[in-house]
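Chains A and B supply the protein sequences, listed in that same order.
According to my numbering, the first sequence is numbered sequentially starting from 17.
According to my numbering, the second sequence is numbered sequentially starting from 121.
If you are wondering where the hints come from, they were derived from the structure by calculation, not from laboratory data.
Honestly, I wouldn't trust all of these hints.
Said to hold, decoys possible - From chain A, some residues computed to sit far from chain B (all C-beta separations above 12 Å):
| id | residue |
| --- | --- |
| 1 | 31 |
| 2 | 32 |
| 3 | 89 |
| 4 | 130 |
What the hints assert, rightly or not - For lysine-lysine, the following BS3-like pairs were computed, each having C-alpha atoms within a straight-line distance of at most 25 Å:
| id | chain 1 | residue 1 | chain 2 | residue 2 |
| --- | --- | --- | --- | --- |
| 5 | A | 19 | A | 86 |
| 6 | B | 175 | B | 138 |
| 7 | A | 131 | A | 32 |
| 8 | B | 177 | A | 19 |
| 9 | B | 175 | B | 191 |
| 10 | B | 175 | A | 19 |
Stated by the list, open to error - Calculated Cβ distances over 12 Å to all of chain B for the following chain A residues:
| id | residue |
| --- | --- |
| 11 | 34 |
| 12 | 96 |
| 13 | 97 |
A virtual CB, placed ideally from N, CA and C, is assigned to each residue, including glycine.
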Amino acid sequence: AQKITQTQPGMFVQEKEAVTLDCTYDTSDPSYGLFWYKQPSSGEMIFLIYQGSYDQQNATEGRYSLNFQKARKSANLVISASQLGDSAMYFCAMSRIKAAGNKLTFGGGTRVLVKP
Amino acid sequence: DVKVTQSSRYLVKRTGEKVFLECVQDMDHENMFWYRQDPGLGLRLIYFSYDVKMKEKGDIPEGYSVSREKKERFSLILESASTNQTSMYLCASSIWSYEQYFGPGTRLTVT
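Please work from the sequences and hints to get the whole structure.
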C-alpha cells in the first residue's frame, strides 16, 4: 500500500520569498510517480508538477521545483518568489506506474497563506 | 484544454435518499475517478474506472456504487445517503500514467 505524509497543516510565507512544502511517501513499488496539486479557495485541483521514480533530475515547472530525495523517500515542493495568488491548499500525491488506471494516493494537504 | 464537468456544485439531500453525482469529460480519457475530500484527510479514492463498464474499488467504496456506460461519463451513486457522506466529491479523468484532470467538485450535504 502507498502512503503520503504532509506534516505541515498550514504555513505563512512572505510575498516574494521562497517556501518549501514537505512530503514524504512510503511504497514498495519500484516504479511510481509523484505529483503536486494546488487547490485555491474556488475548489478546483490544479496540477503543478510531476516526478517519476526513475527520473535522474529534479522536476521544475516555472516557479515550482520538486526536491526529490529517493533514498529518504521525500518529494518536497519548492515555490520560489511567492505571490499572493499562491495562497491555497497544496496536495502531494503518488501513483503506481504501469498499473491499470493511475489512481492517486493523496496526503492531507498543506495550507499556504502568502502575506503581502 | 481538457474539461471535466460535474452536474452540481452544491447539493442538499435528506438521509435515505438515493443520490446521483454525474461527471463528464470531453477528452476521450480512458480513466475516470471519484474522490471525496474531507478536512485533514486529503482526497480519498472511492472508485475508479479504466474502461467502459469496468470499475474497481478504491480505498473507501462502502456506501457507494458507480456506473460507466459511456466513455465520457462516470456516475457516482449513493444508494441511501447518510450524514457521514456529507463531503466534497471530486471527479477526475486521465490517460495512462499522466496527471489527472479534476472537475470543480460537488459539495454534498446530507441532512
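Status of the hints after comparison with the structure:
The beta carbon of residue 31(A) sits about 26 Å from the closest Cβ of chain B, which is more than 12 Å, so the claim that it is off the interface holds. The Cβ of residue 32(A) sits about 28 Å from the closest Cβ of chain B, beyond the 12 Å cut-off, so the non-interface label holds. Chain B leaves residue 89(A) outside its interface by the beta-carbon criterion, the shortest separation being 18 Å against a cut-off of 12 Å. Here residue 130(A) stays apart from chain B, with its beta-carbon at least about 21 Å from theirs, past the 12 Å limit.
For the given pair, residue 19(A) sits about 15 Å from residue 86(A) by alpha-carbon distance, which is consistent with the 25 Å threshold. Only pairs whose Cα atoms come within 25 Å are accepted, and residue 175(B) paired with residue 138(B) is accepted, the gap being roughly 20 Å. At most 25 Å may separate the alpha-carbon atoms for a hinted pair to count; residue 131(A) and residue 32(A) meet this at roughly 9 Å. As the CA atoms of residue 177(B) and residue 19(A) are separated by approximately 17 Å, the hinted pair is consistent with the 25 Å bound.
Our distance criterion of 25 Å between C-alpha atoms is met by residue 175(B) and residue 191(B), whose separation comes to about 12 Å. Distance check on the hinted pair: residue 175(B) and residue 19(A) sit about 22 Å apart at the alpha-carbon level, within 25 Å; holds. Consistency note on residue 34(A): stated as away from chain B, and its beta-carbon is indeed over 12 Å from all of that chain's, at 24 Å minimum. The Cβ of residue 96(A) lies farther than 12 Å from every Cβ of chain B, with a closest approach of about 21 Å, so its non-interface assignment holds.
Chain B leaves residue 97(A) outside its interface by the beta-carbon criterion, the shortest separation being 24 Å against a cut-off of 12 Å.
Going down the numbered hints, you'll see the structure goes against none, and every one checks out.
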